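There are 2 protein chains.
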Amino acid sequence: MKRIFTLIALIIALISCNNNKPFKSIDNQVNKQDSIVIKNIFNTALTNGQSYQWLDHLSNEIGGRLSGSPESIAAILWSERLMQDLRFDKVWLQDVMVPNWYRGEKETAYFKVNDTLFNVAICALGGSIPTPPEGITREVIEVTSIEEAEQLGEKLRGKIVFFNQPFDDTHIQTFKAYGGCVNMRYSGAKVGGAFGAAGVIVRSLTHNIDDYPHTGAMSYGDLPEDKKIPTAAISTKAANLLSEKLKENPTLKFYFKQSCLTLPDEPSHNVIGELIGTEFPDKIITVGGHIDSWDIGDGAHDDGAGVVQSIEVLRLFKLNGIKPKHTIRCVLFINEENGLRGGKKYAEEAKAKNENHIAALESDSGGFTPRGFTFDASNENAELFLSWKPLLAPYGLHEIEKGHGGADIGPLKSETISLFGYRPDSQRYFDYHHAETDTFDKVNKRELELGAASMASLVYLLDTYLK
Amino acid sequence: MKRIFTLIALIIALISCNNNKPFKSIDNQVNKQDSIVIKNIFNTALTNGQSYQWLDHLSNEIGGRLSGSPESIAAILWSERLMQDLRFDKVWLQDVMVPNWYRGEKETAYFKVNDTLFNVAICALGGSIPTPPEGITREVIEVTSIEEAEQLGEKLRGKIVFFNQPFDDTHIQTFKAYGGCVNMRYSGAKVGGAFGAAGVIVRSLTHNIDDYPHTGAMSYGDLPEDKKIPTAAISTKAANLLSEKLKENPTLKFYFKQSCLTLPDEPSHNVIGELIGTEFPDKIITVGGHIDSWDIGDGAHDDGAGVVQSIEVLRLFKLNGIKPKHTIRCVLFINEENGLRGGKKYAEEAKAKNENHIAALESDSGGFTPRGFTFDASNENAELFLSWKPLLAPYGLHEIEKGHGGADIGPLKSETISLFGYRPDSQRYFDYHHAETDTFDKVNKRELELGAASMASLVYLLDTYLK
Numbered sequence: 140m141k142r143i144f145t146l147i148a149l150i151i152a153l154i155s156c157n158n159n160k161p162f163k164s165i166d167n168q169v170n171k172q173d174s175i176v177i178k179n180i181f182n183t184a185l186t187n188g189q190s191y192q193w194l195d196h197l198s199n200e201i202g203g204r205l206s207g208s209p210e211s212i213a214a215i216l217w218s219e220r221l222m223q224d225l226r227f228d229k230v231w232l233q234d235v236m237v238p239n240w241y242r243g244e245k246e247t248a249y250f251k252v253n254d255t256l257f258n259v260a261i262c263a264l265g266g267s268i269p270t271p272p273e274g275i276t277r278e279v280i281e282v283t284s285i286e287e288a289e290q291l292g293e294k295l296r297g298k299i300v301f302f303n304q305p306f307d308d309t310h311i312q313t314f315k316a317y318g319g320c321v322n323m324r325y326s327g328a329k330v331g332g333a334f335g336a337a338g339v340i341v342r343s344l345t346h347n348i349d350d351y352p353h354t355g356a357m358s359y360g361d362l363p364e365d366k367k368i369p370t371a372a373i374s375t376k377a378a379n380l381l382s383e384k385l386k387e388n389p390t391l392k393f394y395f396k397q398s399c400l401t402l403p404d405e406p407s408h409n410v411i412g413e414l415i416g417t418e419f420p421d422k423i424i425t426v427g428g429h430i431d432s433w434d435i436g437d438g439a440h441d442d443g444a445g446v447v448q449s450i451e452v453l454r455l456f457k458l459n460g461i462k463p464k465h466t467i468r469c470v471l472f473i474n475e476e477n478g479l480r481g482g483k484k485y486a487e488e489a490k491a492k493n494e495n496h497i498a499a500l501e502s503d504s505g506g507f508t509p510r511g512f513t514f515d516a517s518n519e520n521a522e523l524f525l526s527w528k529p530l531l532a533p534y535g536l537h538e539i540e541k542g543h544g545g546a547d548i549g550p551l552k553s554e555t556i557s558l559f560g561y562r563p564d565s566q567r568y569f570d571y572h573h574a575e576t577d578t579f580d581k582v583n584k585r586e587l588e589l590g591a592a593s594m595a596s597l598v599y600l601l602d603t604y605l606k
Numbered sequence: 140m141k142r143i144f145t146l147i148a149l150i151i152a153l154i155s156c157n158n159n160k161p162f163k164s165i166d167n168q169v170n171k172q173d174s175i176v177i178k179n180i181f182n183t184a185l186t187n188g189q190s191y192q193w194l195d196h197l198s199n200e201i202g203g204r205l206s207g208s209p210e211s212i213a214a215i216l217w218s219e220r221l222m223q224d225l226r227f228d229k230v231w232l233q234d235v236m237v238p239n240w241y242r243g244e245k246e247t248a249y250f251k252v253n254d255t256l257f258n259v260a261i262c263a264l265g266g267s268i269p270t271p272p273e274g275i276t277r278e279v280i281e282v283t284s285i286e287e288a289e290q291l292g293e294k295l296r297g298k299i300v301f302f303n304q305p306f307d308d309t310h311i312q313t314f315k316a317y318g319g320c321v322n323m324r325y326s327g328a329k330v331g332g333a334f335g336a337a338g339v340i341v342r343s344l345t346h347n348i349d350d351y352p353h354t355g356a357m358s359y360g361d362l363p364e365d366k367k368i369p370t371a372a373i374s375t376k377a378a379n380l381l382s383e384k385l386k387e388n389p390t391l392k393f394y395f396k397q398s399c400l401t402l403p404d405e406p407s408h409n410v411i412g413e414l415i416g417t418e419f420p421d422k423i424i425t426v427g428g429h430i431d432s433w434d435i436g437d438g439a440h441d442d443g444a445g446v447v448q449s450i451e452v453l454r455l456f457k458l459n460g461i462k463p464k465h466t467i468r469c470v471l472f473i474n475e476e477n478g479l480r481g482g483k484k485y486a487e488e489a490k491a492k493n494e495n496h497i498a499a500l501e502s503d504s505g506g507f508t509p510r511g512f513t514f515d516a517s518n519e520n521a522e523l524f525l526s527w528k529p530l531l532a533p534y535g536l537h538e539i540e541k542g543h544g545g546a547d548i549g550p551l552k553s554e555t556i557s558l559f560g561y562r563p564d565s566q567r568y569f570d571y572h573h574a575e576t577d578t579f580d581k582v583n584k585r586e587l588e589l590g591a592a593s594m595a596s597l598v599y600l601l602d603t604y605l606k
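Chains as they are written, first to last, in this note's numbering: chain A, 140 to 606; chain B, 140 to 606.
It should be emphasised that the hints constitute simulated quantities derived from the structure, not laboratory data. Certain hints may be false.
The list treats identical chains as interchangeable, and a pair is accepted whether it falls inside one copy or across any two copies.
Capping the alpha-carbon separation at 30 Å, the derived lysine-lysine pairs in DSSO-like fashion look like this [stated by the list, open to error]: (1) K541 / K366; (2) K376 / K178; (3) K490 / K366; (4) K457 / K315; (5) K541 / K178; (6) K315 / K178; (7) K171 / K315; (8) K366 / K329; (9) K462 / K552; (10) K492 / K581; (11) K386 / K251; (12) K422 / K178; (13) K606 / K366; (14) K492 / K457; (15) K315 / K528; (16) K178 / K528; (17) K171 / K528.
A quick note: this is a predicted structure, and the numbers were derived from the prediction, not measured.
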């Protein structure tokens, strides 16, 4: 009897001990074969990768590709053809109607202090109405939050509201700094318009103090037509100068002029290619990025990188002779930047067709060196994913944790699907994000290729272990 | 008796269990207060850092600063003055005699196939002798290793030996790829010279296929004067082209001309500043980088970054009111690139003065985003260092592991000292290393600042816990 007690005590001790290293047994099972496959994926990506050459074409031959633009259609047709040439099992276009906002002539802006004129680097926000053809000239009221603007209320009337909240540089993850400011860009004109302001200018969303304005999506919400006002981003350097000059000259006048237009919606497409699963062809793992970009710059990091990496994932499977059990689908979503119509359409059609989506992975944080993945999944699956950490750590993928999947795959969310976001290093992302500096020369070949291999490795593990 | 057995069994089980999470207790002790201090260090580095502005000055106002050059002296005097202005407790120059190699006129090179001339981007290796004033023109013999050259032996006579081993791109850590090739640059001319070759050209040590030659140190070893031959690096693009053309035209002739000179040794200095310890002023923790750089480019990553980060470490201590128990010394070593005289002198004098050096940290891998630290230390101290992983992980510092400290602090090695190397992400390092592209614009402000804060945090932990 006492021996049994001894045995039970030992078992309890060992079990409680095991709770502190919960995935040991799984690690040991998967380690060997999986680590060989993953090493092969990385080797082929780094020595025989195609993503960098593809991104060169997408960035330099096609360029910026805002939804509805001829460039966006060129990018769609090019990537469809590329997937066909790579002999994916099935390649098709999914029809999506997209907004068609057009920037028009280059914007101009300046302000005057006494007789001195200060030119301001400016660009219209996506979705904004134009100024009158002659531009507008008004006094400026500076605020640092949506709440502050709302409290000022009627005092905004007739003014240009200047949202000037710098990034909080103390966040290590730069997306958190962005998250703390982005509502001013998105909703500034809605709030200003509601109180009769004449226009809204927003400090560019970047850590850098430089002269590049960063565009991005905005929304008037349910504001009636006659309350809509023009809105634009100004460079951080201009924002600092304006703020400084306003202190001494609170009645200085700011001028800006933009001729952007919202045209009727245009037909466009998601681009989809797949490798059909050998065991569970009806269970789908999606990997994707967005084929549209902003019109300034060539969208190399946002999200050319995600596009070429997603195509490369399927190519790396084929190149390494990995025959997936589940169907692996590469989806290049249209209109992430100013509407999310592609992501919504993909999820709608999946639901209508009763498709079984077990996982989705999005790359939309730039083509930088790998740091990890965030996931939105059940606790049970979370345990499984965390057990893969030792397999991924040798490739710099240490940060495997709960978090956001991605905008385009968000509409797929359900009780059962696991959503993943690829998380490269974030330090340089907002140097280029939505600015004319987001160009191919800012992408490092190896960093891009390591990202593609990281994604392919995760998809391989999902295909191997996810039920 | 059986109860005792039960108890022993339980204890054994729990101990063996505890071995798998060895630092739990330490973690819990240090976590709270230390994590606050480290957070403060990062906050001040990111919002009130000076390293980026200093690097701007060092790179753009002073520029490339090879040992013995006027620029190296300007950098030494500037950094001495900076440390004085920052009111470090003590600042001084340590005399060091350094080699004085001078590149001279821009090198030229080409090869001819029939009547077609192909220009080659080339630069002399540091320490090389010049060609005759008219240059040399010889047939080429291509090899991919030192061993292959040695086996060819007498066949090298009168030829230009072409070392053409590309980087192995499958290494995730790019320093491993460099390690696989660097002996060809360092010893190629020694081997070629021993067998009567006329000259040596070496494929540039980079992943990139581009037209920038990468210089670096070479040595003739104990070769007699009359056997020394000129040696240079050629761009990877030129190396690929030359290799291709040699296949069809094995007797093609290669021309190169360089006018470099080795002048007599020059007096120079290590720059040293310190904060004197409040409890153990005689126990020293050194943090440093090297103040010299190559002459092409402005040495922003190699090792301007390490220089400004090391100064910033002491500034961050002062700014955060951290009064170190041990003496913290910032050392800017001269002549890391082509002689290591500064590192040797610092260690010699430390020994002569019987100084007690308990730890040293070197930053000489570029100003890129933080990944971790490698250390060369006793097993007991290794356990302590590994216990800090949870404190450092929130800042992207996941890779805390045994490994190399650094070239400059290497001569300090003893039974008792712990040597550390700061390890930023390595993917982009060899794009710029020793090439004219190693310039300030390749450094990201936040990445540089995060590195300085990472180093300051490690020094803080060493000061707090190291005996």
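Going down the list of hints, with the structure as the test:
1. K541 / K366: neither (41 Å within a copy, 64 Å between copies)
2. K376 / K178: between (45 Å within a copy, 28 Å between copies)
3. K490 / K366: neither (37 Å within a copy, 78 Å between copies)
4. K457 / K315: Between copies only: 28 Å across, 37 Å inside.
5. K541 / K178: both (25 Å within a copy, 22 Å between copies)
6. K315 / K178: between (32 Å within a copy, 16 Å between copies)
7. K171 / K315: between (37 Å within a copy, 23 Å between copies)
8. K366 / K329: within (9 Å within a copy, 79 Å between copies)
9. K462 / K552: within (26 Å within a copy, 52 Å between copies)
10. K492 / K581: neither (41 Å within a copy, 49 Å between copies)
11. K386 / K251: Answer is within: at 14 Å inside a copy they meet the 30 Å cutoff, but 67 Å across does not.
12. K422 / K178: Answer is within: at 26 Å inside a copy they meet the 30 Å cutoff, but 45 Å across does not.
13. K606 / K366: Answer is neither: 52 Å inside a copy and 69 Å across each miss the 30 Å cutoff.
14. K492 / K457: within (27 Å within a copy, 64 Å between copies)
15. K315 / K528: both (24 Å within a copy, 23 Å between copies)
16. K178 / K528: Intra 15 Å, inter 26 Å, cutoff 30 Å: intra and inter.
17. K171 / K528: both (14 Å within a copy, 26 Å between copies)
Checked against the numbered hints above, the structure breaks hints 1, 3, 10 and 13 and satisfies the rest.
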